Amino acid sequence: MSAPATQGERREIPAADARAGLEALKAEGFNVLVDLTCVDYLAQKRAPRFDVVYRLMKLDAAEGRDLGRVEIHCAADAQPVLRSVRDLWPVADWLEREVWDMFGVGFIDRPDIKRLLMYETFVGHPLRKDYPIAKRQPLIGPKSGEKADSPSFNILKPTVVGE
Amino acid sequence: MTIATPDRGRKTFMLNMGPQHPAMHGVVRLMLELEGENIVDVDCEIGYLHRAFEKHAESETWNNVVPWTDRLNYVSPLINNVGYALAVERLAGIEVPERGQYIRVIASEISRVTDHLTCVGASAMELGAFTVFLYLIKAREYLYQLVDNLTGARITTAFTRVGGVKGDLPADFAAKFAEIAVKVREAVAESDKLLTRNRIFMDRVEGTGILSKEDALAYGITGPFLRSTGVPYDVRRAHPYLVYDRFDFEIPVGSTGDNYDRYLCRMAEIEQSLRIVEQALKQIPEGKHSLAPAEMKYAYELEDMGKHGDTELIQKYSAKVDKTLDGMGRETFGDVRAPNRWATLPAKEQTYTNIEGLMNHFELVMWSWGIKIPPSEGYFAVEGGNGELGFHVVADGGDGPYRVRCRPPCLFIMAALPKLLKGSMIADIIPTFGSVNMIAGELDR
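Quick mapping for you: the protein sequence lines, in order, are chains A and B.
At the far end of the first sequence sits residue 163, using the working numbering, and the numbering has no gaps.
At the far end of the second sequence sits residue 445, using the working numbering, and the numbering has no gaps.
If you're looking for bench data, these hints aren't it; they were derived computationally from the structure.
Quantities reported herein were computed from a predicted structural model and do not represent experimental measurements.
Heads up, the beta-carbon is just placed ideally off N, CA and C, and yes, glycines get one too.
Careful: at least some of the hints might be erroneous.
[Stated by the list, open to error] In silico contact screen, one side only, chain A against chain B (beta carbon under 10 Å); selected entries: (1) 53; (2) 60; (3) 101.
[As the list claims (entries may be wrong)] Restricting the straight-line Cα-Cα distance to at most 27 Å, the calculated cross-link-like pairs of lysine-lysine (DSS-like) are: (4) 213(B) x 26(A); (5) 26(A) x 135(A); (6) 307(B) x 58(A).
Full structure from sequences and hints, please.
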């Protein structure tokens, strides 16, 4: 089955050149940043570990037609290599914060990055594959960090990989 | 208490609105910097309803994620179900039979109406029009009853499966919908009379919360919010999925992008969605379920027949199942679910009466068996109540997703909220925030 039109053409850009590539795409007419997300490939032992995905759309504002989409994949590590694009698409501010919050992938050109969904005292980055789903946080769990045997703990399929 | 000094106008002060505030439906915190009643700066804090949807999805099987998607946009859960199922089916290479596709369209459009009714009703209530709230929520309740008939639940629908939907339409669905559509239209017409030319309402919403076309695009805003600025972008029209290319419907657009335009867009879209359901119910291919129903037997009776060797007799009866399994019988099998036996459950008669059906059933529900999708990655978007609702799904060959990313449409609108509010007054927060239609379940996931 062919890829859906909402997915767009897949392109891979090295993380260091991502900003230049995205700038060029913006100049080319990709005016909407549809999404910015990340996938952690730790379980597949891929290096670098993260795949940051920028999803762009060329939207014709007068007709409301989608003139094409593109999907930019940048392999990245936790060290901030990717440059922020929040001046190109202001919504990238929040999306970069979410990627930082959930995966701990940093962005340069924005030193004051803040968590988006989690609270400030949260420890770790929950969507990383080595973050156990049942892990307790210091704020709400036993301080020692061991698994509580209270009935409120769900029995879940172990998801810890690596480590 | 200090007595105000003459230069008080130059001083700003901070005001915290939320996370629990009677005027903020949903948990969200606004930190306002005020100069008198004017908003100088806004910071918005979200995440209070974070339930780790994406993390949980990674430890579930493909089908077990569906109930989690109900909780994303909980006023239009069926659209989430459909969006997720379509994204997974793309990876699995499954195509749902036409009747199943029509049912998904019908379900999505009913959900869109409930979404818009809630948004318009709640924001009208916050502006003092309590009657409108009661009218519209009553109309929504009729639709929820219809959804209840269809799925077995009002809100936690979990209606789709990978490769189809839970079950066929109930026999009297079309007649019931026709009855309810009249009531919904009445409620919308009454609300329209109460609001659309109402001086008090218009003073609050007209010219407030204006967002330009360019800003809306820069923030990646979609849905009614983008259309109110005059951009007729709708995923159903731009990339027709399911059978949306077969319906005649309009895309209402606004011109100024203020709260009033967003209200008008939503009101017009309710009518368009009702029209789509009506057309779908006319066009939907006949299912076998419209044949005269066979005599019903309980599962244990069918099993006993099998043990006695009355295999021919079994064929004459259909299984009497629990109410929650309605529509999963033989008469509907194949109409609403893909024939891929490695992905969709067999009809209940098969499960109860023969070993192949039983094995097929258990192979699909057993831990780490289930549906296996080869390593792949894909993104699929549908038009949600608030805009483009996308699912980015990564499969690693296992029986569940390796990663599910939900693109929540209202996150993008919320990111633009500071821009919308800066420079306006405190009283404008209420209509503007109402028209954003923030659904915390979807925003925080």
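Going through the hints against the structure:
no.	hint	verdict
1	53	holds (7 Å)
2	60	holds (8 Å)
3	101	holds (8 Å)
4	213(B) x 26(A)	holds (17 Å)
5	26(A) x 135(A)	violated (41 Å)
6	307(B) x 58(A)	violated (63 Å)
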